[in-house]
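Undergrad: Here are the chains, one letter per residue:
Protein chains: 2
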Amino acid sequence: MALILVTNDDGVLSEGLLELFNAMKEVAEAVIVAPDRERSATSHSLTMHRPLRVTEIRENVYAINGTPTDCVTLGIGKILKRPPDLVASGINKGGNLGDDITYSGTVSAAFEGTILGVPSFAISMLWEEGGGFHFNTASEFAKEIAKKILDKGLPRDTLLNVNVPNVKAEDIAGVKFTKQGKRLYSNSIQETFDPWGKKHFWIGGGSPSWEEDEKTDFLAVESGFISITPLHLDLTNYDALNNITNQWKDLNGPRR
Amino acid sequence: MALILVTNDDGVLSEGLLELFNAMKEVAEAVIVAPDRERSATSHSLTMHRPLRVTEIRENVYAINGTPTDCVTLGIGKILKRPPDLVASGINKGGNLGDDITYSGTVSAAFEGTILGVPSFAISMLWEEGGGFHFNTASEFAKEIAKKILDKGLPRDTLLNVNVPNVKAEDIAGVKFTKQGKRLYSNSIQETFDPWGKKHFWIGGGSPSWEEDEKTDFLAVESGFISITPLHLDLTNYDALNNITNQWKDLNGPRR
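Chains E and B, in that order, give the protein sequences.
Using our numbering, the first residue of the first sequence is number 50, and each one after it goes up by one.
Using our numbering, the first residue of the second sequence is number 50, and each one after it goes up by one.
Next up, chain E with everything else stripped away, as it sits in the complex:
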């Protein structure tokens, strides 16, 4: 039977994680290895300056005092009894779209799985002002995508970043394969003061705007579709590599 490692960045107590875990258990054997608390926006951080503690909370549920990337590393390297066939990360509370995916612990966990040679996907549900989350819409789709990956595999060094509109399952317009969109706003920064009157800055808030471009993740979810973006471990810009190699000839080549 296939084995699925389930993780997230909202922490082991997150409702989205349990929804994903239950969905994955309908597809295969599933084990949670997740951060013991919220670790949003930790990106691909790896904890190397201190030891990490693994706590078995109950059968097949492990919590680690570390990041999502730590969880995948230790899950595959030390906790699971055999290598998993799939890493499933989520369901994140809030979308992971465009350039913002590089901040995301959820997506980074799927990056780490891919680096370690395990097919991986991240799944996130869009945030809605004041409302809750229709996690069931995402968990139902997670089953489809997990089966597909277990059946067909994924291209080498490639993970899937899935974003699901925050609506009931019957209100999903469909599924679109997309490219990463481009965010236009810079990070919003609030000013605040400590109890002694010293100014501090708090990063967050603000509403993003997006570059108008066809076939993006952002446009898909905005039109009510589930977005699936295949992401690559190789960040090389090959066009730029060709151009710069030609244009910066004076820098290039041997010097002695």
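Hints may contain errors.
One copy or any two copies: either way a pair holds, since identical chains are not told apart in the list.
[To be verified] With a cut-off of at most 27 Å between alpha-carbon atoms, the simulated DSSO-like pairs for lysine-lysine come out as follows:
no.	residue 1	residue 2
1	298	217
2	201	298
3	130	247
4	247	201
5	127	231
6	74	217
7	196	247
8	248	298
9	192	298
10	247	127
11	298	74
12	74	196
13	74	192
14	217	130
15	196	264
16	231	201
17	217	247
18	192	217
19	298	197
20	201	74
21	192	247
22	231	298
23	130	298
24	74	247
Simulated from the structure, these hints should not be mistaken for laboratory data.
Guided by the hints, dock chain B onto chain E, whose structure is given.
TA: The following block gives chain B in isolation, referenced to the frame of chain E:
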């Protein structure tokens, strides 16, 4: 006069940062905005769960109790008096090669600069067992690359990841434009015990091996060349996007 924001992930006290700062001051006006302590392997983490404090240590040197990404965000958004023309991140103690770049705070700072529309490069010096760092080799080259970028610009959404062999300047073989290499080892994990006898895990150590492939960052530095890899903000795997769109037709498209 051009303005350069200088940052790193080894912290504001790091010798590599000061070397880079002094080099950049020979090219343009330069301001340090860096983490107040070491923040290695923090990747593209953004601190959003607490306010951040900015301390002016001396003229044009600011420390923040946050990550490299926080420093670039606040540096550009709040601290610098005008938008910088360049973000320079480093000199990191240790190479940032292959898949490991996604863990790196140094490279992520250059990512953040690029997201905010400022041409950016990261520069790292390879680690050598037991030895120190020939920072001067890297800082001399940093001047060349900074002038080049200020003069020619960079392709859109593209940053440069520079790795410098840890040798004297006269022993540098030359410069190569490269692609991101592929690491083969998984993260090494040590087992250790706390004072109460409970097992912990510590991620780190181990020696990487690399997939044999021409034109990689790893191969360049191994043969004594400075490696320059252009990296892209867009992580979409376009080949996979085309293939999956065709092959996973049953998933794709409208559902209602």
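Undergrad: Hint by hint, say whether it matches the structure.
TA: Status of each hint after checking the structure:
Taking CA atoms no more than 27 Å apart as the test, residue 298 paired with residue 217 passes between copies only; the shortest distance there is 23 Å, against 56 Å inside one copy. For the identical chains of this complex, residue 201 and residue 298 are inter-copy neighbours only, at 13 Å across copies versus 44 Å inside a copy, given an alpha-carbon limit of 27 Å. Taking identical chains as interchangeable, the C-alpha atoms of residue 130 and residue 247 lie at most 27 Å apart only when they sit on different chains, with a minimum of 20 Å there against 51 Å within one chain. Within a single copy, residue 247 and residue 201 get their C-alpha atoms no closer than 57 Å, and across copies no closer than 41 Å, so neither meets the 27 Å cut-off.
Taking CA atoms no more than 27 Å apart as the test, residue 127 paired with residue 231 passes between copies only; the shortest distance there is 23 Å, against 38 Å inside one copy. Within a single copy, residue 74 and residue 217 get their C-alpha atoms as close as 22 Å, which meets the 27 Å cut-off; across copies the closest is 57 Å, which misses it. Proximity of residue 196 to residue 247 under the C-alpha cut-off of 27 Å is found in neither arrangement, the shortest distances being 54 Å within a copy and 38 Å between copies. Taking CA atoms no more than 27 Å apart as the test, residue 248 paired with residue 298 passes in neither setting, with 48 Å inside one copy and 54 Å between copies.
Only between protomers do residue 192 and residue 298 lie at most 27 Å apart by alpha-carbon distance; the minimum there is 17 Å, versus 51 Å within a single protomer. Only between protomers do residue 247 and residue 127 lie at most 27 Å apart by alpha-carbon distance; the minimum there is 15 Å, versus 45 Å within a single protomer. Taking the shortest alpha-carbon separations for residue 298 and residue 74, only the inter-copy value of 26 Å comes in at or below 27 Å, while the best intra-copy value is 56 Å. In this assembly of identical chains, residue 74 and residue 196 lie within 27 Å of each other by CA distance solely inside one copy; the values are 12 Å within and 56 Å between copies.
For the identical chains of this complex, residue 74 and residue 192 are intra-copy neighbours only, at 9 Å inside a copy versus 55 Å across copies, given an alpha-carbon limit of 27 Å. Neither within a single protomer nor between protomers do residue 217 and residue 130 lie at most 27 Å apart by alpha-carbon distance, with minima of 37 Å and 48 Å respectively. For the identical chains of this complex, residue 196 and residue 264 are intra-copy neighbours only, at 25 Å inside a copy versus 37 Å across copies, given an alpha-carbon limit of 27 Å. Taking identical chains as interchangeable, the C-alpha atoms of residue 231 and residue 201 lie at most 27 Å apart only when they sit on different chains, with a minimum of 24 Å there against 30 Å within one chain.
With identical chains, the CA atoms of residue 217 and residue 247 are never at most 27 Å apart, being 46 Å at best within one copy and 45 Å at best between copies. Proximity of residue 192 to residue 217 under the C-alpha cut-off of 27 Å is restricted to the intra-copy arrangement: shortest distance 16 Å within a copy versus 56 Å between copies. For a Cα distance limit of 27 Å, the shortest separation of residue 298 from residue 197 across copies, 11 Å, qualifies, whereas the shortest one inside one copy, 46 Å, does not. Proximity of residue 201 and residue 74 under a CA criterion of 27 Å is satisfied intra-copy only: 19 Å inside one chain copy versus 54 Å between copies.
Taking the shortest Cα distances, residue 192 and residue 247 never come within 27 Å of each other, neither inside one copy (50 Å) nor across copies (37 Å). For a Cα distance limit of 27 Å, the shortest separation of residue 231 from residue 298 across copies, 26 Å, qualifies, whereas the shortest one inside one copy, 31 Å, does not. With identical chains, the CA atoms of residue 130 and residue 298 are never at most 27 Å apart, being 52 Å at best within one copy and 35 Å at best between copies. Proximity of residue 74 to residue 247 under the C-alpha cut-off of 27 Å is found in neither arrangement, the shortest distances being 51 Å within a copy and 30 Å between copies.
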